[in-house]
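Asker: Keeping their order, the protein sequence lines are chains A and C.
As numbered in the numbering used here, residues 1 to 298 make up the first sequence, in order.
As numbered in the numbering used here, residues 1 to 298 make up the second sequence, in order.
Bear in mind the hints are in silico, worked out from the structure with no lab data behind them.
One thing to keep in mind: the hints can contain errors.
Because identical chains cannot be distinguished in the list, a pair is counted as satisfied if it fits within a single copy or across any two copies.
To be verified - The list that follows gives simulated cross-link-like pairs (lysine to aspartate or glutamate, DMTMM-like), each with its CA atoms no further than 25 Å apart:
#, residue 1, residue 2
1, 285, 235
2, 196, 16
3, 197, 282
4, 285, 35
5, 236, 145
6, 285, 221
7, 134, 145
8, 150, 16
9, 134, 16
10, 285, 259
11, 236, 261
12, 236, 221
13, 150, 235
Predicted, not measured: the structure shown is a model, and the values here were computed from it.
Number of protein chains: 2
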Amino acid sequence: MLIECIPNVSEGRRTEIVAAMAAALRGIPGVRLLDHSSDPSHNRSVFTMAGDATGIERAVLALFERAVADIDLRGHSGEHPRLGAVDVVPFVPIEGVTMADCVALARKVGAEVAARFQIPVYLYEEASANPARKNLEDIRRGEFEGLAKKMATAGWTPDFGPATPHPSAGAAVIGARMPLIAYNINLATDRLDVAKKIAAAIRHSSGGYRFVKAMGITLEDRGIVQVSMNLTNFEKTPIFRVFETVKREAARYGVAILESEIVGLVPAAALMSTAEFYLQIEGFKPAQVLENKLRTEN
Amino acid sequence: MLIECIPNVSEGRRTEIVAAMAAALRGIPGVRLLDHSSDPSHNRSVFTMAGDATGIERAVLALFERAVADIDLRGHSGEHPRLGAVDVVPFVPIEGVTMADCVALARKVGAEVAARFQIPVYLYEEASANPARKNLEDIRRGEFEGLAKKMATAGWTPDFGPATPHPSAGAAVIGARMPLIAYNINLATDRLDVAKKIAAAIRHSSGGYRFVKAMGITLEDRGIVQVSMNLTNFEKTPIFRVFETVKREAARYGVAILESEIVGLVPAAALMSTAEFYLQIEGFKPAQVLENKLRTEN
Chain A
1 MLIECIPNVS EGRRTEIVAA MAAALRGIPG VRLLDHSSDP SHNRSVFTMA
51 GDATGIERAV LALFERAVAD IDLRGHSGEH PRLGAVDVVP FVPIEGVTMA
101 DCVALARKVG AEVAARFQIP VYLYEEASAN PARKNLEDIR RGEFEGLAKK
151 MATAGWTPDF GPATPHPSAG AAVIGARMPL IAYNINLATD RLDVAKKIAA
201 AIRHSSGGYR FVKAMGITLE DRGIVQVSMN LTNFEKTPIF RVFETVKREA
251 ARYGVAILES EIVGLVPAAA LMSTAEFYLQ IEGFKPAQVL ENKLRTEN
Chain C
1 MLIECIPNVS EGRRTEIVAA MAAALRGIPG VRLLDHSSDP SHNRSVFTMA
51 GDATGIERAV LALFERAVAD IDLRGHSGEH PRLGAVDVVP FVPIEGVTMA
101 DCVALARKVG AEVAARFQIP VYLYEEASAN PARKNLEDIR RGEFEGLAKK
151 MATAGWTPDF GPATPHPSAG AAVIGARMPL IAYNINLATD RLDVAKKIAA
201 AIRHSSGGYR FVKAMGITLE DRGIVQVSMN LTNFEKTPIF RVFETVKREA
251 ARYGVAILES EIVGLVPAAA LMSTAEFYLQ IEGFKPAQVL ENKLRTEN
């Protein structure tokens, strides 16, 4: 049984805080911390872990314990929108688990986080029963600063927990979804409007690809801009198609792609099909990859 | 201990012959037949297997047994140059084996093939002690038809076996080398001169990349031409660089790349670095591939 869990927390600058969180996660039996990365511009960190349901549940609670103690959103600023100290917690079925299992886990953990830490919890994606509260962006809109007002309006009672924000930790969004690729493309320009226009062009919400979420942001420390994306179904909207579109759109403004970046983990298949696309490989089978062959039985 | 062995045989049309060879290889304990593919234009098949030294040795001898019985080069024609019924047998160190181990195995198997089947054997690549007889192309030049004459000249006494060709099976080239990628690029044209010029441009021998062997051939059944290559060090001369060069050279003649093809197995790293190149991914680590992470210990 293998569930992947990729909590995003609103701390990307104080490395000792992030290190303490990583250490807490590593201490949980049945769970492996596969990766973690921090972005000082975003002021956000992403942890990637995998394990069984029991271990993952314990790990998420341990993470909330640290985050509630160490992160105070009232003093927080960063390029990435955020609603909570622990901002979002997705569960992803990897092996021997169904999406229904992950939805059930999201609801269980959501209820427990709310009870233990007095944090309002919203269920999202596959764990949400309400289409208006399915998409992370819809739930997060208004961010931490607008949360109290939002929670006072109709339709925004949380799925679990108090009817008002946690004063320092905000709210948390917990759910279940398919694997996504967190993919950023950095443009060789400081023109934020270019990044924002391109993000609008490629994301589903404003007319772009079905399985792309995107936003344009500034990387202050580098003097450049970034199209920051989530590819929510890399099989149907592949990474190379998104790259090529961003490249062409940037050329419209005389802007080149400087580099791109994969945040956290990426399924091998996404990179394989990228190589297949650019090399125009006909009839390629994953079984042709030496390491795959060596691992499978004859 | 894992040795990879990729024998190439001069039969790519009679599927029952090839199937019998595959069956013989599958029957050897300690050996796994990872892949086999046949090319009717080349009239050649490639088997990819992996195992321990003892199993691999038995498998190669079993293959020669079938090939000597079923392939008569006196009636053989095909696009790919060939010297023997079993044309070339490389041993490749994969895990827990050194190149020296593979060289020793090549010599042992070479001697045994010569003795058992009365086939002249030439050692090549790392197993060869003679620079004039290190490169497969140099040994194979003249092919089966020119072999008797070549063997009568100075410097072409085989490393093992009789001083004259086997009447129907020719000679065999056996050796040890690093992993290579057998990579073909099909051009959208029937102009063989274009394929030959491009092959000459990219292969090391005529001024091209250090770790590329290439030839231009016709695919009669499809009415197109192909640049057929071996990439002998995909880390130093990567597949994407070769692709891009072929593409640019073909454009000189108004010719497009139709498709490409990987024959047999390819190391995952070659495809990963291809994706990294085209997506301009900065700071990418193989550990970011989900499947890699799940397989390694924390």
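Asker: For every hint, state whether the structure bears it out.
Answerer: Hint check results:
1. When the C-alpha separation of residue 285 and residue 235 is checked against a cutoff of 25 Å, the pair qualifies both within a copy, at 15 Å, and between copies, at 22 Å.
2. Within a single copy, residue 196 and residue 16 get their C-alpha atoms no closer than 33 Å, and across copies no closer than 60 Å, so neither meets the 25 Å cut-off.
3. Within a single copy, residue 197 and residue 282 get their C-alpha atoms only as close as 35 Å, which misses the 25 Å cut-off; across copies the closest is 23 Å, which meets it.
4. For the identical chains of this complex, residue 285 and residue 35 are inter-copy neighbours only, at 11 Å across copies versus 28 Å inside a copy, given an alpha-carbon limit of 25 Å.
5. In this assembly of identical chains, the alpha carbons of residue 236 and residue 145 never lie at most 25 Å apart, being 35 Å within a copy and 52 Å across copies at closest.
6. Taking the shortest alpha-carbon separations for residue 285 and residue 221, only the inter-copy value of 23 Å comes in at or below 25 Å, while the best intra-copy value is 43 Å.
7. With identical chains, the CA atoms of residue 134 and residue 145 are at most 25 Å apart within one copy only, with a shortest distance of 21 Å there and 72 Å across copies.
8. Proximity of residue 150 to residue 16 under the C-alpha cut-off of 25 Å is found in neither arrangement, the shortest distances being 33 Å within a copy and 72 Å between copies.
9. For the identical chains of this complex, residue 134 and residue 16 are neighbours neither inside a copy (34 Å) nor across copies (57 Å), given an alpha-carbon limit of 25 Å.
10. For the identical chains of this complex, residue 285 and residue 259 are inter-copy neighbours only, at 15 Å across copies versus 29 Å inside a copy, given an alpha-carbon limit of 25 Å.
11. Within a single copy, residue 236 and residue 261 get their C-alpha atoms as close as 20 Å, and across copies as close as 23 Å, so both meet the 25 Å cut-off.
12. In the homo-oligomer, the alpha carbons of residue 236 and residue 221 never lie at most 25 Å apart, since the shortest distance is 34 Å inside one protomer and 34 Å across protomers.
13. With identical chains, the CA atoms of residue 150 and residue 235 are never at most 25 Å apart, being 35 Å at best within one copy and 55 Å at best between copies.
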